[in-house]
Amino acid sequence: MYVGRFVVVGPGIGAYRVSSRSFPNRQVVDRDDALTVGPTPDAPETDNPYIAYNCVREGGDYVVVGNGSQVDPIAEKLDLGYPPRDALAEILLALDYEKDDYDTPRIAGVVGDDEAFIGIVRKDALVVEAVTEPTLVATYEEDDPRAFDLDAETAADAARELYDHEFEHAVCAAAATVGDAVETAFYNGE
Numbered sequence: 004m005y006v007g008r009f010v011v012v013g014p015g016i017g018a019y020r021v022s023s024r025s026f027p028n029r030q031v032v033d034r035d036d037a038l039t040v041g042p043t044p045d046a047p048e049t050d051n052p053y054i055a056y057n058c059v060r061e062g063g064d065y066v067v068v069g070n071g072s073q074v075d076p077i078a079e080k081l082d083l084g085y086p087p088r089d090a091l092a093e094i095l096l097a098l099d100y101e102k103d104d105y106d107t108p109r110i111a112g113v114v115g116d117d118e119a120f121i122g123i124v125r126k127d128a129l130v131v132e133a134v135t136e137p138t139l140v141a142t143y144e145e146d147d148p149r150a151f152d153l154d155a156e157t158a159a160d161a162a163r164e165l166y167d168h169e170f171e172h173a174v175c176a177a178a179a180t181v182g183d184a185v186e187t188a189f190y191n192g193e
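Converting from the sequence shown to the numbering used here requires adding 3 to each position, the first position being numbered 1.
Because the hints were derived from the structure by calculation, they are not lab data. Be careful, since some hints might not be right.
Simulated restraints on C-beta separations [what the hints assert, rightly or not]:
| hint | residue 1 | residue 2 | range |
| --- | --- | --- | --- |
| 1 | Arg149 | Asn28 | 28 to 36 Å |
| 2 | Thr157 | Ser72 | 26 to 34 Å |
| 3 | Asn191 | Thr49 | 15 to 23 Å |
| 4 | Asp147 | Ala97 | 34 to 42 Å |
Even for Gly, the Cβ is constructed at its ideal location relative to N, Cα and C.
With the hints as extra help, turn the sequences into a complete structure.
Structural data, given as structure tokens:
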């Protein structure tokens, strides 16, 4: 099944995977205190504004994961002391779904040491929920948050587990754990 981009978050862990049929020539890189999705060196030129963005970034005592430009302002609100649910809801509502050919939803999660929140803004709804177990939301098909069986305990294992998941058209994945310190990792395939 093709679900597009997806996030999985739970207390202490969050991960994000790019799955794409249209723009598979992308990778995650570690850049300026964030993990960033962008084109590979051999990617064809494009003017699509939705293919490069920070996908994992710290904000306050939390880490934000997501599929677009919403990651940065959510992290900035957290730096200002906003509660995670409020930061997630306010920014998703303000930026709305992507105005592309598919009305692609924006998805994001906020992960703390002992709490997590997941959100999606679609053309027809804004959903933001506190979660107590690993929970998935995707841009297509799986666009309502649901429990997800995530076995990983480290960021590196979470990135690899999401990359290897059976959903179709894996491109790259990134993850973070939040505890005594924040650990991030990414996996771009072989």
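These are the hints, each one checked on the structure:
For the pair arginine 149 and asparagine 28, the beta carbons lie near 30 Å from each other, so the given range of 28 to 36 Å is met. Evaluation of the 26 to 34 Å hint for threonine 157 and serine 72 yields a pass: the beta carbon distance comes to about 28 Å. Between asparagine 191 and threonine 49 the C-beta distance comes to about 19 Å, which sits within the given range of 15 to 23 Å. Our hint of 34 to 42 Å for aspartate 147 and alanine 97 is violated, since their Cβ atoms are close to 21 Å apart.
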